[in-house]
Each structure stands twice: as structure tokens, then as C-alpha cells.
Amino acid sequence: MSHQSDLIATDIDAYLKQHEQKQLLRFITCGSVDDGKSTLIGRLLYDSKLVYEDELAKVQNDSVRQGSVAGGFDPALFMDGLKEEREQGITIDVAYRYFSTAKRKFIIADTPGHEQYTRNMVTGASTADLAIILIDARHGVLTQTRRHSFIVSLLGIRHVVVAINKMDLVDFSEERFDEICADYRAFAARLDLPDLNFIPISALNGDNVVDRSASSPWYNGSTLMNFLETVNIGSDRNLQDFRMPVQYVNRPNLDFRGFCGTIASGIVRAGDEIMVLPSRQKSKVKQIVTYDGDQEESFAPQSVTLTFEDEIDASRGDMIVRSGNVPRSDSNVEAMLVWMGEEPMVPGKTYLVKHTTRTLPGNVQTLQYQVDVNTLHRTPSPTLELNEIGRVAIELSAPIQFDPYRRNRSTGAFILIDRISNATVAAGMVLDRGATGKSRSVWDDDIEAAETDADAEVSAVSIEERAARFGQKPVTVLLTGLTGSGKTSIAKAVERKLFDAGRAVAVIDGEQIRRGLSLDLGFTAEDRSENLRRGGHLAHALNDAGLICMASMVAPAEDVRQKVGKLIGESRYLVVHVATPLAVCRERDTKGQYAKADAGELLNFPGVTAEYEAPTAPDLVVDPSDSSLGNCVDAVIELLKSRGFMK
1 MSHQSDLIAT DIDAYLKQHE QKQLLRFITC GSVDDGKSTL IGRLLYDSKL
51 VYEDELAKVQ NDSVRQGSVA GGFDPALFMD GLKEEREQGI TIDVAYRYFS
101 TAKRKFIIAD TPGHEQYTRN MVTGASTADL AIILIDARHG VLTQTRRHSF
151 IVSLLGIRHV VVAINKMDLV DFSEERFDEI CADYRAFAAR LDLPDLNFIP
201 ISALNGDNVV DRSASSPWYN GSTLMNFLET VNIGSDRNLQ DFRMPVQYVN
251 RPNLDFRGFC GTIASGIVRA GDEIMVLPSR QKSKVKQIVT YDGDQEESFA
301 PQSVTLTFED EIDASRGDMI VRSGNVPRSD SNVEAMLVWM GEEPMVPGKT
351 YLVKHTTRTL PGNVQTLQYQ VDVNTLHRTP SPTLELNEIG RVAIELSAPI
401 QFDPYRRNRS TGAFILIDRI SNATVAAGMV LDRGATGKSR SVWDDDIEAA
451 ETDADAEVSA VSIEERAARF GQKPVTVLLT GLTGSGKTSI AKAVERKLFD
501 AGRAVAVIDG EQIRRGLSLD LGFTAEDRSE NLRRGGHLAH ALNDAGLICM
551 ASMVAPAEDV RQKVGKLIGE SRYLVVHVAT PLAVCRERDT KGQYAKADAG
601 ELLNFPGVTA EYEAPTAPDL VVDPSDSSLG NCVDAVIELL KSRGFMK
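The sequence shown begins at 1 in full-length UniProt numbering and counts up one residue at a time.
Just so you know, not all the hints are guaranteed correct.
Listed below are the simulated SDA-like cross-link pairs for lysine to any residue, each with C-alpha atoms no more than 25 Å apart in a straight line [unchecked claim]:
| id | residue 1 | residue 2 |
| --- | --- | --- |
| 1 | Lys-103 | Asp-195 |
| 2 | Lys-641 | Glu-611 |
| 3 | Lys-473 | Ala-493 |
| 4 | Lys-282 | Asp-294 |
| 5 | Lys-286 | Met-336 |
| 6 | Lys-591 | Ala-182 |
| 7 | Lys-22 | Arg-104 |
| 8 | Lys-22 | Ile-312 |
| 9 | Lys-596 | Met-336 |
| 10 | Lys-497 | Phe-523 |
| 11 | Lys-497 | Gly-484 |
| 12 | Lys-591 | Ile-312 |
| 13 | Lys-105 | Thr-262 |
| 14 | Lys-354 | Ser-126 |
| 15 | Lys-566 | Lys-497 |
| 16 | Lys-286 | Ile-312 |
| 17 | Lys-563 | Ala-579 |
None of these hints come from the bench; they were simulated from the model.
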């Protein structure tokens with residue numbers, strides 16, 4: 001059956017107009033060697049009637065001479081165009097094909113399956129919206145299947161189709177299909193693959209590729225072509241954060257000065273207030289100029305020229321953003337790096353870093369670990385070889401404006417270029433955490449001077465008025481202890497009991513802060529310090545509002561806990577040590593964090609791979625393993641009463 005529009009034969013102008021409005025889907029095929037990637041694409045094109053007659057005749061002739069199916073029709077030859085590929089029956093380079101149906105336009109990247117061509121697979125996947133991972137039904141999930149799945153997850157491809165191929169060779173066994181699905185799901189649970197789908201196919205014969213197969217009556221899902229035409233990719237694009245790297249300043253005459261570029265993400269409208277980074281100059285969008293005329297609104301990935309109401313300076317490499325929504329700016333970034341150079345990576349060596357439209361010198365400060373993509377284990381390594389992947393801290397000669405790769409693939413990606421050969425040697429994805437080579441904790445050097453007096457007036461309502469209204473004095477109780485010690489359970493139970501007694505109380509949980517205020521932080525000592533600082537400011541604000549604040553945080557460092565006390569005000573700061581023994585904490589660990597720390601997968605984990613410093617002079621010590629939850633709660637409330645914070 002043909003998937004082309006009927007308009008192509010009756011009204012060519014209407015067809016071209018319709019074709020112009022179609023949504024574009026970019027996808028890749030990947031998997032282990034001989035899983036049938038090229039065959040699948042060839043069959044997809046052939047069954048969709050999307051192959052020219054002369055090309056079809058050539059492939060039919062080549063199938064007899066060079067095909068891998070004993071002289072029968074070999075769809076793989078539509079994709080494997082290199083002489084070496086046809087002779088060996090493998091894919092070496094990334095092959096791109098363009099086609100369209102009545103519903104969508106497609107760009108396919110057929111990527112190699114061999115391990116030594118991993119960098120080619122990364123190249124093809126870098127712009128993909130969807131990945132088709134093929135698995136041979138006879139062999140199941142193989143090492144290279146895991147390798148490509150990890151790279152798909154690393155590159156932020158949200159939609160994944162696991163096409164279990166060669167089902168005809170296992171008699172379309174439903175049991176075999178279910179077994180492979182279960183094996184893959186168990187492996188993929190450790191990856192970030194939010195939209196995972198499974199389809200049984202035979203690429204050589206066309207079963208469930210374009211048309212539904214009668215050989216698999218037990219399968220009620222979509223065919224591959226139908227899935228490609230209907231999968232929702234509209235929500236994948238970031239339309240919230242407006243980012244436009246300046247590529248060119250257009251000055252055709254004295255009366256026009258526009259800034260050209262491709263919108264990386266977000267939406268821009270005439271009249272919007274914008275900011276140019278790094279200068280931070282502000283103006284408003286006067287005009288959005290395109291090839292088709294002026295527009296009132298443009299969005300990613302359109303190429304436009306913006307003019308401003310004010311004469312502000314911008315040049316190639318600068319970034320235009322909304323004044324109220326700016327990316328991070330730093331000369332130190334932490335990233336996952338895929339090494340693509342023949343020569344190994346040299347920490348400390350200067351490379352050129354190309355980020356959006358800007359290129360500047362930089363070097364890899366540290367290689368924190370290398371990822372074994374076959375097992376997902378992290379191992380120490382002095383360098384990265386060809387096709388290896390690791391987590392690095394990079395220092396640049398000047399700050400760049402970036403977003404985490406997970407949030408914005410355009411402003412969160414970069415490449416490294418060798419300055420001598422001018423060859424691209426690595427592709428990088430910026431993580432949503434700060435570089436460990438530079439402290440992220442921003443405590444004031446003179447915290448005594450920065451501290452807001454606990455008795456100061458911070459609003460039109462005085463602290464005395466709030467105390468009279470609530471019948472209590474504001475205080476922050478920091479419950480500190482190891483992961484799994486029961487801190488949060490005690491905090492919430494105290495909150496419940498105080499609230500039932502008519503008190504104004506709130507809980508701050510460390511994990512909750514990390515999902516919001518501290519989303520950009522990791523778990524280094526510096527990041528933990530910064531996380532506690534932010535929690536301290538939040539607790540300070542709750543105290544200023546007259547509330548009792550129960551703060552549940554690991555807070556492993558004694559000096560940082562003391563800084564928090566000075567920040568909040570020592571007169572309204574209490575420390576409760578939840579001293580649950582480490583062995584008990586391990587037993588209570590429902591998330592498997594201690595096991596991951598033992599295996600080296602969680603670095604800087606207090607009690608295992610990092611030190612936890614018990615408070616030197618806590619106001620109270622409780623041990624939930626030696627006392628009931630109720631007794632611990634009563635002890636905390638008695639502490640508040642004895643210190644005069646409530647009657």
C-alpha cells in the first residue's frame with residue numbers, strides 16, 4: 001500500500017503546501033551486528049512504495065550478486081551504499097535517507113552495529129527524536145544492544161522502539177517475544193528511557209513493518225510505520241526557555257541592523273523584553289524578520305533575524321534570551337564526554353570547545369570516572385580512548401551560557417576540536433550539576449555580618465505580633481543523621497502532633513529541596529554545603545513568618561551545620577542528632593543507595609564513601625532503633641518546651 005498523499009497526482013500545489021506543513025521526525029536504527037538495521041529501513045521504504053523504479057531494479061540486480069539472502073531480494077542494499085559495506089554485508093558509515101508519507105516527513109539515520117564504529121552511532125543519534133533498537137529474536141539482548149541503549153539514554157532520546165526482529169526464525173513465538181521484552185526492561189530500568197515500546201517484526205519479510213502480520217495474531221499493538229506516523233514528539237521540544245545564539249549581524253544598509261540565528265529553544269514575540277548575554281544589556285524585540293516576511297511570533301527551530309528597539313551591541317557567539325529566564329553562565333562545566341578521536345584524551349591539554357555559535361579554548365580538568373557502557377559500572381581511568389565515555393570537569397577560557405543537556409539539547413551540547421588537526425575529537429553533554437573543579441558553595445566570608453538579626457523587623461507584622469497570634473516563638477530544628485536514620489519520619493510526626501495542637505509548623509526535607517531549589521546540585525562536599533545553605537535561607541524565611549520549622553537533612557559536616565546556625569540565628573536554632581546505627585540504616589534502605597555506594601556507583605555517600613561527622617554538642621540525641629517513634633517525637637517536643645519556644 002502507498003503512504004503517499006493522493007494530492008500528488010491531482011493537485012501538486014496543494015500537495016506541496018501540505019508537505020510544507022508536515023511535522024518532521026528524525027530517527028535512528030541501532031543495535032548489535034546483523035540484527036537487521038539496514039534491512040528494516042530498506043523494507044520500510046519498499047513496502048511504503050517510496051523507492052524509485054531505477055533504484056529498485058539496481059538493488060534487485062545487486063541482491064543476486066552481493067546480497068546476503070542467497071540471491072533473494074535484499075532490502076539492506078538500499079542503505080549499504082559503500083563498496084566495503086556491500087562486500088562484507090555490514091554497515092560502516094552512517095547512512096541517511098529522506099522520505100515522507102501523508103502524515104509526516106522523516107529523516108532516517110542507519111548507524112553501524114560494530115563497537116569500533118560507536119562514534120558513528122553517536123553522530124547519527126545526536127539530532128534524533130526517536131530510536132529503533134533492533135534485537136535478533138534468536139540471540140536476545142546482547143552487549144552491543146546494551147551499549148547502544150545506554151548511548152540513546154545519554155543523548156536524551158525520549159522515544160524508543162525495541163523492534164524484535166527475525167521473529168520468523170523463531171516461529172513468531174509469543175513466549176520468546178515476552179522473554180526478550182522482560183530482559184530488556186530489566187536492563188533499561190537503570191536508564192532514562194521514558195517512552196519504551198516493543199514490536200515483533202520480520203524486516204526481511206515485512207511482518208508488522210508497514211502492514212500487520214497474520215503470523216502474530218497474539219500481537220495487538222501498532223505496526224512500526226503506524227507508530228512512526230503517530231508518536232507524539234511535539235511535547236519534547238523546549239518551548240519555555242527562549243535561547244537564540246547569534247550567528248551573524250546583518251547590516252545591509254544604514255537603516256537596518258539585525259541579529260541572525262536559529263532559535264535553539266522557546267518562543268519569541270514582537271514586543272518581548274530580551275537580554276543579550278554575556279553583556280546583560282536589555283531591550284525589546286522590534287521586528288522578527290524571516291525569508292517569508294515579518295512575523296509576530298517565531299519558535300524553535302526557525303531561523304530568524306531580530307531587530308531591537310534600542311541600539312545595543314551583540315555579535316557572533318552572544319546569546320539572546322528573555323530577561324526573566326536566563327541560562328547558567330560559567331567557565332567551569334561538568335559533562336559526559338564521548339571520545340571520538342584516534343589519539344586518547346589528555347587531561348590538561350588545551351582543545352577548542354565549540355558551543356552553539358561560539359568557539360573558545362578549554363581543557364579537561366579532571367576525568368572523574370569512565371563508564372563501562374556494557375555493564376554501566378563506573379571505573380577510575382586516567383584517560384579516554386576512542387569510543388569511550390566518561391564524566392569530566394571542563395574549564396573554559398571564558399564563561400559560556402548553557403542549560404543542562406536534559407533540558408535543552410541545543411545549548412547543553414558541545415564538541416571538542418583538536419587545535420592542530422582541526423578534527424572533532426569528542427562530543428559532550430552538559431550535566432545539570434556544577435563542575436567539581438570549583439566550589440559551588442557561596443557562603444559569605446563574614447557570615448556574622450551577613451546574618452539577619454533574628455529580632456529584626458522583616459515585614460509590617462512584628463515578630464512579637466506573630467508570637468502572640470501563634471502562641472509560640474519561631475525556631476528551626478535541624479534533624480541530622482545518616483540516610484535511612486528516620487529523620488524525615490520524626491520531622492513529619494512532630495509536625496502532625498504540633499499542628500493538631502494548634503501550632504504553626506512546617507517541614508523542610510532535604511530530598512524535596514533537591515527536586516526544586518537545588519536541582520542543579522550534585523553530592524560533592526561543596527554541593528552538600530550549598531544545599532544546606534539554601535535550606536537554611538528557606539528555614540530563616542519560615543521563622544521570620546513566625547513558624548516552627550522542622551528541617552530533615554543529612555548535613556554531614558559539622559562546620560557547615562554551625563554556619564547554618566549563624567545564618568538562621570543561634571537563638572532560634574536547635575540541632576537534633578538522629579543517631580541510628582549504620583547497620584540499621586542499611587536495613588531500612590528501600591532505595592538500594594547503600595548497595596550502590598558499596599559498588600562504587602554512588603560517590604561521596606556519607607557513612608560509606610564519605611565521612612559523616614556527628615554533632616559535637618547537639619541539643620538532643622535520639623535513636624529510633626532503640627526507642628519508639630512516639631518517644632522520639634515526645635523528646636523533640638519536650639525540647640521545644642524546655643527552651644521556651646512554646647508552652
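Outcome of the hint check:
Annotation: proposed proximity of Lys-103 to Asp-195 holds, straight-line Cα distance about 21 Å (limit 25 Å). For the hint pairing Lys-641 with Glu-611, the CA-to-CA distance comes to about 33 Å; that exceeds 25 Å, so the pair is violated. Distance restraint check for Lys-473 and Ala-493: the Cα-Cα separation of roughly 20 Å lies within the 25 Å cut-off, and the hinted pair is therefore satisfied. This hinted pair checks out: Lys-282 and Asp-294 have alpha carbons roughly 22 Å apart, not beyond 25 Å.
In summary, the hint linking Lys-286 to Met-336 is not supported, as the alpha carbons are separated by about 39 Å, beyond the 25 Å threshold. Between the alpha carbons of Lys-591 and Ala-182 the distance comes to roughly 21 Å, so the proposed pair stays at or under 25 Å and holds. With a C-alpha separation of about 5 Å, the suggested pairing of Lys-22 with Arg-104 holds against the 25 Å cut-off. For the proposed pair Lys-22 and Ile-312, the alpha carbon gap of about 37 Å is over 25 Å, so the pair is violated.
The straight-line distance between the Cα atoms of Lys-596 and Met-336 is roughly 20 Å, inside the 25 Å bound, and the hint therefore holds. With a CA separation close to 33 Å, the supplied pair Lys-497 and Phe-523 exceeds the 25 Å bound. For a cut-off of 25 Å, the pair hint linking Lys-497 to Gly-484 stands: about 22 Å separates their Cα positions. Simply put, Lys-591 and Ile-312 have alpha-carbon atoms about 52 Å apart, too far for the 25 Å limit, and the pair is violated.
With a C-alpha separation of about 20 Å, the suggested pair Lys-105 and Thr-262 falls inside the 25 Å cut-off, and the hint holds. For the hint linking Lys-354 to Ser-126, the alpha-carbon distance of about 15 Å falls within 25 Å, and the restraint holds. Distance check on the hinted pair: Lys-566 and Lys-497 sit about 28 Å apart at the alpha-carbon level, beyond 25 Å; violated. Annotation: proposed proximity of Lys-286 to Ile-312 holds, straight-line Cα distance about 13 Å (limit 25 Å).
Distance hint between Lys-563 and Ala-579 is fulfilled; the C-alpha atoms sit about 21 Å from each other, no more than 25 Å.
Consistency note: the structure conflicts with the earlier hints numbered 2, 5, 8, 10, 12, 15.
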